[in-house]
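Chains as they are written, first to last, in the numbering used here: chain R, 1 to 450; chain B, 1 to 327; chain L, 1 to 301; chain W, 1 to 239.
Just so you know, the hints here were simulated from the structure itself, not pulled from any lab data.
Incorrect hints may have been included.
[As the list claims (entries may be wrong)] Label-pair restraints from in silico Cβ distances: (1) R/337 - L/279: 39 to 47 Å; (2) L/84 - B/10: 39 to 47 Å; (3) L/168 - W/135: 18 to 26 Å; (4) B/85 - R/368: 31 to 39 Å.
Ideal Cβ positions, reconstructed from N, Cα and C, are used throughout, including at glycine.
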Amino acid sequence: MKIRGSQTKRWVISIVAGAVASTLAIAPSQAIPVRSEVGVSATEIVLGMQLPQTGPASPGYNKIDDAMRAYFDFVNSKGGVNGRKIKLVVKDDTYKAGLTISTASTLINKDKVFAMVGSVGTQTHISIIKDINRRGIPDLFVNSGYSGFYIDPKKYPTSFAALGTYVVESKIEAEYLKANYAKELAAGKVGVLYQTDDFGRNVLAGFKQQGVTFPPANTQKFVAGSQALGLTRQVQALQAAGVTLVVIAAVANATAITIGTAAKLGFAPKWLVTSVGSDATTFKTILASQGTSGAVASALLTGVISASHAPSPGEDTDEFVIAFKKINDDFNVGPDKTWDNNVLQGMNIGYLTTAALQGAGKDLTRKGLIAFMEGKGATLSSAALSPLSYSSKTHEAYNSFWIGAYDANSVLKPIGGTRVLYTTDSAAGPITVSTYKRPAIAADALPKVG
Amino acid sequence: MDKYKNIWRKNLIKTLTLGVFLFLLSFTFEPYNQGQLALVLMLFIGVLSLTVLTGASGQISLGQGALMAVGGYSSASLITHLGASIWIGFLVAFFATAIFGLILGTAAARVSGPYLAGTTLVIALALPSVANRFESVLGGDVGLIVDFGTPPTWISNLIEVGYEQWQLWVVLPVALTALFFISNLMATRAGRSWQAVRDDEIGAAVSGIPVARTKVIVFVVSSAIAGLGGALYGLRGLVGPSVYPVSLSLTLLTAAILGGVGSISGAFIGTLIVVFLPDLIDWAISGLAVSEQLSNYLPALLTGFLLLATIIINPAGVMGAGHRKKH
Amino acid sequence: MNTFISTLITGTANGAIFALAALGLVIVWRGAGVVNFAQMGQAMFTTYIASNLIASGNSYWLAFIVALISGSLLGMIIDLLIMRPLAHKKSSSATKTLAGTIPVIASLGILAILQALAGIFWAGEERGFPTPVNSFYFKNGDGTLPFSAFNLFVIGVVLIVLLSLTYFFTQTGAGLGMRAAALNPEVARLSGIKVSRMRTLSWAISGAAGSLAGLLITPSTNLSPNTLDLILIIAFTAAVVGGLDSPLGAVIGGLILGIGIALVTTYGSPENVFLAILFVLLAVQLIRPNGILGGKQVRRG
Amino acid sequence: MKNLMVSDLVTDYGHVRALDGVSFIANSGEITTVIGANGAGKSTLLRTISGLEKAKSGTISWGDLLITNLAPEEIVRLGVAHVPEGHAVIPTFSVLENIEMGALFRKRKNSTDVKVAISEVLDLFPRLAERVKQSAGSLSGGERQMLAISRALVSRPELLLLDEPSLGLAPLVVEQIIQSINQLCRSTGLTVLLVEQNANTALAVADHGVLLALGKVVSDQPAAKMRADSALRTAYLGY
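All chains, please: the whole structure from these sequences, using the hints.
Laid out in structure tokens, this is it:
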């Protein structure tokens, strides 16, 4: 009898503990007063973002939020948007979807964000996109090239891309190969190394769309996240297959491992690296701390072909690069603010977000913001050299890429000297040359909309 | 037999009391806490599965998350491909994972202690890669998008139910059923014979308990419960490899240890701790000038310290304090 | 170059490092009865220390030695602060059934703390790590031989470590004492062996071995708080395959894993690597529960 | 002249009081035997003396040293060697390694004497000398017991605590072992505290007998006298 008595007591304890814990958790959130639109007050706009700030998938990406915040702080220092300061609430989901769902719930229900902006990651974003959209929360400038998020606005009406899709980019790259490496393609001398996830598969699909396929012996893959086991076998297989050009569809660290390994093996094909994996800073940081001297690392990167919708972060004369670099120096308080592609990307999202908020007007509502993005989003300009393609038919962002090669200073430069922008879509559309000319940045480095 | 009936009745009353209490409590909650409570209950089922395993066999598993994945995938593929209702999904998850646990348990019955811990850790790592092998059914690394759906019209006509609240209402009866099932099991003869095997294998064998079979049965029950929890957990939005990573298994273990190994109420408290810890940290450091780097890693750091402290100061966990007094 | 041969060589070079990590696990298991899941966390931490020393202009070898020393110190600290109190507690508390797994849980807690601390101290950024000798494959006319000086170095280091450990355990008094302390602490204490000190010693040796594995593997994995997680799992499998109490078994297990992974990658699919590891682990435990070289009665649990 | 003096010793074993105020003296150079029924507290007594169990109260002095609750590895350094119950050897070790283990703590300072001690025990137990390279696991029960005693003897003890050396052994082997101990004691002046369930065998060689029952000393007298006391035997030993 005594035992049962004490069991009952423990039940009571656990119930009470539960109640206490829950009340504790409510307490801070009850203070938020009711407003006309969630996350918007006369003086503030609250935006939410999630990304892997820690964990295996975080390196590199964990700089994006700091760059965005730096740009918002810069905007706030100039008075904000329509008198409202932008507050960015960032949650670390360690790139685990189970956690993403929780952090999204925190952002939505507890922090009461007006919109989500710049969230990083495909797998993680899949887990919450349906819920965010159902609630009508704007899901702007998602940092994923997965076309499934954007090509059907009826399915995900509030989600808008921040990047060109993997398919668009790889279609353009495939076309470049067909034009310049036809002999190698015909002789079966072109190989591919891809990671077995949506990114790698979408890249293969883009190449296939343009009629570029890879013979089985030239096709190597690895499980995303397992590059820690080394990619020596894959690179050796490509070497044994005698390929002279290798397409790499892998994240930045795996790309660095691949090219570094090939050098050690005495294997020196032409490399074509998709933009996701071609961050020069990551590449050089990794190779340099491996003991490869900076000069050797630069030499390895020299001649690597890649595509971009934006200027290379190393283009010191680009007016956006100059402006963003200065803002980064002045406002970035993150743990690592070394200027690179990730910082440029974060700054650009900050710039675009500011523009969209301006465009949605003084009377800021979620519906209004989405209406603006669909109606006039395509007219926004940014640091990118490509136009944006937001409309009611698609929520894809950049539809144009230029092909370049890294020079000896690790700057991606147009091949042949002139930058040619190619435009296409994520479906079967043709590839055409774009005539888009990027509008100049304003003297105050703030977007001007309307 | 009469004694067992008595226990059954008591457990029923306790479970129902808890259910009614949580149900009523949910009305006072904001959506955020309704969602958190639903999450607590889902993970609680997962932790319960570990409680069964640990309480009844003295073993720990670092792969309970993988079993949750089996449940999640079996229910989600049914829902996605055959349009089954989530309730059918729960049933299938329960039985599919039980079968999986049977296979696994047959192998694992011969493995114990740190060996089992390591083996289950490898299972937790390897299992998600199966999703990539059967992309057409399991959705590859993108996974299967599923959710709790919306309440049926006879409820939504009656009362306005928010998404989080509906989530809670679905999870609550399932969690209570699992709780009722487990608390009875641990109290009945079956549970007692399990504990006999745990405490003294040879003694149990001498008194006629089939030791090997008992170990497998414990594994099957534990797996089935984990599968049920996994099915619910997947409905939060996605069933995919990154929903059931190794760290999920470690979270479940942490909750089980913090709350008190093998204790049902401890499992609940442990789950509350792991779910609300990030909120508590946020609350505690808000207003303090904590660098981003520190605040990013604070939850992991604190969890590590809590785990160590529990193990060193009182290995039996929070609820274990009560346990010891009985002796 | 023959694909099969180059697969074997790549596998052997990786396997040698897995073997080192597995050796570390075996030493603590033999010496203190603990499967240390924090081992590669410790290795990660000390490799960061080495990396920082190198980055601030010190020589590789200084960093190398500092890493090994801090590896053994870290091992000792873990034993003195956590594992020893736990071992003393074991008999008195009401958690007899968990006795074998409590240190495992503690080691997971330690792993979490080390990874968090590394993140806090050195940001989460990923770095490379240098090799002490050239890691470019030997040239052979126009082509290359399928191995580098670094591969040879790694294999040489593993051989030296294995030989010196074998000598230490079988030919020295301290080695005998460590083995005795592990196998029968009571008889060891009655023989005047300071069992707790022996345990601390095995933590120190294992910490150094783990550190060494970290120094040698990070040139190919890069360094971030989590990069060595996978290595732990492989090392555990290797140790179980070889028999958790056999240093030679750990080396053989490491080589089997290294070569097996290379073969699966080459002739199967990289996607099957983890399933293959799981399969090997289960198969060994069902067919030869004490591993290839494991003793009969040492298995505890 | 070092005597072992135990006074008012109280030791709990789990939740059971195993020793409840035990006092006796084992004289230097003599064999003292502790006899009693199963569960009388005999083993606990030896384990408390050698430091394996903690005494709750009372004292143990060895010569003029107080050794109560010292660590076993300290006590063995003071010349007290304990051969626990059940042929305690390490089966995977070779015979020689098992013996060497007992002298490890002296090896650095007295390596020559350690060698001498090892050859002495091998002389004492020639059957072990033939098997030095074999693993201890391959030995017979009697050989293992000899090995366990050898392990203790190479530490050069002045007091030997022997726990049920006859357990599970054939009478002939028991006789042989007991005689070796007896011989050792008489020739070297070793003090022996012998725990035995087999009271007859023990009392036959012992100088002094201590009878334990339920953790208490019920009789403490010369062995010969105790052997003759049939009333005592019927009451406590059941024959």
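Quick rundown of the hints versus the structure:
Here the CB-CB span from residue 337 of chain R to residue 279 of chain L is close to 46 Å, well matched to the stated 39 to 47 Å. As the Cβ distance of residue 84 of chain L to residue 10 of chain B is approximately 43 Å, the hint placing it in 39 to 47 Å holds. The supplied range of 18 to 26 Å is met by residue 168 of chain L and residue 135 of chain W, whose beta-carbon atoms lie about 20 Å from each other. The given range of 31 to 39 Å is respected by residue 85 of chain B and residue 368 of chain R, whose C-beta atoms sit roughly 38 Å from each other.
Comparing the model with each numbered hint stated earlier shows that all of them hold.
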